[in-house]
Amino acid sequence: MTRTEQIETRLRDALAPRELTVRDDSERHRGHAGYQEGGESHFHVVIRSDAFAGQSRINRHRMVHKALGPELTAAIHALSMDLDT
Amino acid sequence: MSDATQKIEETVKSHDVVLYMKGTKEMPQCGFSSRVAGVLNYMGIDYTDVNVLADEGIRQGIKEYSDWPTIPQLYVKGEFVGGCDIVTEMTLSGELDTLFDENGVAYDKDAAEKIRQANA
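Residue numbers (my numbering), protein chains in the order written: chain F, 50 to 134; chain U, 31 to 150.
Isolated chain F, as found in the complex:
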């Protein structure tokens, strides 16, 4: 399973999103700190889920961190998020 698929699976399981996009942005960061050959270092995720209702921005991000788990979160160099209900 690629890291992209791993991220998708964990987010789907934890947040039951109505909309989910996981984009590997690594090539846009070629030459930057944290870039690894083969990509899968920089990600952007877009999630629309009812699970975010009533949650602050910080809590929404924490829910994503928790869903991914500490190892995957640490393995990814950069993860930017667009989270909404």
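These aren't lab readings, by the way, just hints derived from the structure by calculation. Incorrect hints may appear among the rest.
What the hints assert, rightly or not - DSSO-like mimics (lysine-lysine), calculated; alpha carbons at most 27 Å apart, straight line: (1) U:K52 to U:K37; (2) U:K52 to U:K144; (3) U:K144 to U:K37; (4) F:K115 to U:K52; (5) F:K115 to U:K93; (6) U:K139 to U:K107.
Stated by the list, open to error - In silico negatives: residues of chain U with every beta carbon more than 10 Å from chain F: (7) H45; (8) Y72; (9) F110; (10) D115; (11) D140.
As the structure is a computational prediction, the values presented were derived from the model and not from experiment. Even glycine gets a Cβ: it sits at the ideal position worked out from N, Cα and C.
Based on the hints, put chain U in the right spot on chain F.
For chain U alone, kept in the frame of chain F given last:
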């Protein structure tokens, strides 16, 4: 409380606005840190920058302090505000202005408007 935690607590409680970042506000070493520092610089905020690359203890300690795995991290009056995505969203929505207003932090309102117009 570890030394790093104690140092972090002292820093965020004794300065109104603190940015933990990679590099310095004059010379950021990471795109995400650069974006947040750029916003604060442009808005004319008087803030304290802490370069986590200069202190491994602080680099790990700040993640535990806020229970937040990434850098940059912005603090206003000792409270954790968020990282790059959240600060960007709050800048564009005007929530950051409100936060500064509520906490008596001086900033350039026109500059904040210019950022919003440029990203509309």
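What hints, given by number in increasing order, does this structure fail? Of the numbered hints given earlier, those the structure breaks are 3, 9 and 10, listed in rising order.
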